[in-house]
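S.K.: These are the residues of each chain, in order.
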Amino acid sequence: MLFQVNQHEAYCYTGGKALNPALPTVVFIHGAQNDHSVWALQSRYFAHHGYNVLAVDLPGHGRSKGDALTCIEDMADWLIALLDTAQIPEATLVGHSMGSLIALETCARAKDRVKRLCLLGTAYPMRVSDTLLNAARDEEQTAIDMVNIWSHTSMAHKPSFPGPGFSVLGGSQRLMQRMSKINPAQLFYTDFFACNAYANGEAAAQTVQCPTLFLIGKKDMMTPPKATGTLSKIISHGKTVLLDNCGHSLMSEQSEAVLNTLFQFVKV
Amino acid sequence: MSGPHYPGFDTLSLHAGAAPDPSTGARATPIYLTSSYVFKDSDQAASLFNMERAGHVYSRISNPTNAVLEERIAALEGGVAGIAVASGQAAMHLGLSTIAGAGSHIVASRALYGGSQNLLAYTMKRFGIETTFVDPRDMNAWRNAIRPNTKALFAETLGNPGLDVLNIPTVANIAHENYLPLMVDSTFTTPYLLRPFDLGADLVFHSATKFLCGHGTAIGGLLVDGGTFDWQQAYEKTGRFAELCEPYDGFHGMVFTEESTVAAFSLRARREGLRDFGACMSPHNAFAILQGIETLGLRMDRHVANTRKVVDFLAAHPAVASVSYPELPSHPDYELAKTLLPKGCGAVFSFNLKGDRAAGQRFVESLNIFSHLANVGDAKSLVIHPASTTHFRVPAEQLSASGITEGTMRLSIGLENVDDLIEDLTRGLKVAQKGA
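Protein chains in written order, with the working numbering: chain A, 101 to 368; chain B, 172 to 607.
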């Protein structure tokens, strides 16, 4: 579904269903160098189980036009503008990695509009090593390889994503490459720079009052479980769930566990 | 070793897609001989049917044993998905029928396996899909054959019968300049010798019956989606590929390119093609092919090493008129092969025996180790004499139009001790010439 946000076309996957103002809404926010399709299973399930779904393509990613935004705060403002355009007064925000920071900051800026907050593969501060940051700037394919390898724990994902017969590692690599092809203006570097530079996490967390879920892969090398500690201590009412046999690509490595945990948390 | 790295080819050959069985701990991939899978509840059933959850419903569409094979070939090729089907022919049909229908057009190399040639020239034509055949070495011919209704360019990585080496980067560029995918049959090269996606191809298929299985025990095909082709961009630029980019009434109005940015093709191929055409692979065969793939690298090295020795032997033999193998300087693609196929040009090739059709028959019948049959890519060495088998009704003057003489022999070099193969061929050549 296409919207106009800040004079640019903004694409959201709605899970194969039309938006229904009578239903509660769940917004899915992808991470760096990704698009809406990383939520394919989870978003489609919610859309067919009583929710409006907006799985966004952030500006400069996937089908959304415009330059990629350069800081988390601007991304949060864009998300609020999207909710305005879509006439969604209140939503549950589900964010992965960079998307989790956007969800957090959005919650701080518009807490009356956030019903629940789900932070997957999150960390604060979300430091990006100089090696990775420089690779993203100078050798994007190298950065893609680094992130792909560090984000996965196995050569065999069952039942695989988005279904049997698909290669999780291959799909993840190609998606990042596709983002580079669609937007050759150093998208990965822009996203990583934004993650690295985000400095409002603690202040934002202190404003969070809504039910919050931290969903973390036990073997996550990109945002290791201990890196969630700063936020989970501040949002002390939050619930933390650690997933076995799971790295940073939670939605594809453990698609069932992610869906079941999210749905149980959101539907209460 | 420093820095992160992907697992190597041999590691992937053994492990990609396979984990110890969660219920039994079995280390080898079990053969799941089951047609269907019990649902946990009605909601899970509905969500599996509607692609809201990943899992198995019915073995025509997916099966745990087949999934290991599919994920393994995807990993070895560097693609996003594999689909296991009943044969190489089924893989080719599934690949083309996913994006082409009545009124569509294919541009194909004229140097194709006979079965592929038949499918394109006669059978698919009957369903309204036309094909223009071109000389695979003629880049202008590829370019000029493209029409507004063209849906794909198609060729073999090593063409039949002359082992034409497909210039994948150049043909892929021609395809992509026209917002078209390049599909290749990579049966003769396998991912060990050539990874077509790395060179620009978008879709790959294999007759897994051949080197992937490697032991002549199972018929099967594998279709692999590289995830490289941007179907949505092609649709927006040309209007082609509505099959993937517009709502599909046959699957809940799904728009496959919305569901998956990089694997839309595979989603439709599985959810429509396997579902409706039904050419699925038996899990028994998937298991046999998995066993073969575990040793693919080891075997291909030996296949190529043996082939090189046999080629050298034949090229120097006085009873042999010519040998066609791209590693020979006499082959038209000698230079290209050095670039694209540095690990070797496979183990299937042809040579022309001096003499008539009868000499060819005497040669074939005198061999002891080489088996006279219609297959390639077995661990055992194979031979066929086209003029007395596949082309036995064709007059000599017409054979030459197909690049075949009365003395043409196709060999598939196996894993035996190469000295024994050469001894066998020496005997055969001697008998062949006796009647001359």
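One or more of the hints may lead you astray.
Covered stretches of chain B, going by a simulated chain A footprint (3 or more residues, C-beta under 8 Å) [what the hints assert, rightly or not]:
{"id": "1", "region": "197-205"}
{"id": "2", "region": "527-537"}
Listed next, with one range per pair, are the computed distances between beta-carbon atoms [claimed, not checked]:
{"id": "3", "chain 1": "A", "residue 1": "Q306", "chain 2": "B", "residue 2": "T341", "range": "55 to 61 Å"}
{"id": "4", "chain 1": "B", "residue 1": "P193", "chain 2": "A", "residue 2": "N106", "range": "18 to 24 Å"}
{"id": "5", "chain 1": "A", "residue 1": "T340", "chain 2": "B", "residue 2": "P193", "range": "50 to 56 Å"}
{"id": "6", "chain 1": "B", "residue 1": "D181", "chain 2": "A", "residue 2": "A181", "range": "49 to 55 Å"}
{"id": "7", "chain 1": "A", "residue 1": "H108", "chain 2": "B", "residue 2": "D181", "range": "46 to 52 Å"}
{"id": "8", "chain 1": "B", "residue 1": "Y229", "chain 2": "A", "residue 2": "D174", "range": "32 to 38 Å"}
{"id": "9", "chain 1": "A", "residue 1": "V368", "chain 2": "B", "residue 2": "D420", "range": "51 to 57 Å"}
{"id": "10", "chain 1": "B", "residue 1": "N221", "chain 2": "A", "residue 2": "R227", "range": "57 to 63 Å"}
These aren't lab readings, by the way, just hints derived from the structure by calculation.
We treat Cβ as the ideally placed atom computed from N, Cα and C, and that holds for glycine.
S.K.: With respect to the beta-carbon atoms only, verify the hint that P193 of chain B and N106 of chain A lie 18 to 24 Å apart.
M.R.: Distance hint for P193 of chain B, N106 of chain A is violated at roughly 48 Å.
S.K.: Tell me if the beta carbons of V368 of chain A and D420 of chain B are separated by a distance inside 51 to 57 Å.
M.R.: With a Cβ separation near 36 Å, V368 of chain A and D420 of chain B fall outside 51 to 57 Å, so the hint is violated.
S.K.: Would you say the C-beta atoms of D181 of chain B and A181 of chain A sit inside 49 to 55 Å of each other?
M.R.: holds (51 Å)
S.K.: Measuring from beta carbon to beta carbon, are Y229 of chain B and D174 of chain A in 32 to 38 Å?
M.R.: violated (48 Å)
S.K.: Confirm or reject the claim that N221 of chain B and R227 of chain A have a C-beta distance inside 57 to 63 Å.
M.R.: Since N221 of chain B and R227 of chain A have Cβ atoms about 40 Å apart, the given range 57 to 63 Å is violated.
S.K.: Against the range 46 to 52 Å, how does the distance between the Cβ atoms of H108 of chain A and D181 of chain B compare: consistent or not?
M.R.: Check passed, 48 Å falls within 46 to 52 Å.
S.K.: Verify the coverage statement for the region 197-205 of chain B against chain A, using a C-beta to C-beta distance below 8 Å and requiring 3 or more qualifying residues.
M.R.: violated (count 0)
S.K.: Taking 50 to 56 Å as the stated bounds, is the beta-carbon spacing between T340 of chain A and P193 of chain B within them?
M.R.: violated (25 Å)
S.K.: So is the region 527-537 of chain B in contact with chain A by the C-beta rule, three or more residues under 8 Å, or is the coverage claim wrong?
M.R.: Since 0 is below three, the answer is violated.
S.K.: Quick check on a hinted range of 55 to 61 Å for Q306 of chain A and T341 of chain B, using CB atoms only.
M.R.: At roughly 60 Å between Cβ atoms, T341 of chain B and Q306 of chain A fall inside 55 to 61 Å, so the hint holds.
Violated hints, in rising order: 1, 2, 4, 5, 8, 9, 10; the structure is consistent with all others.
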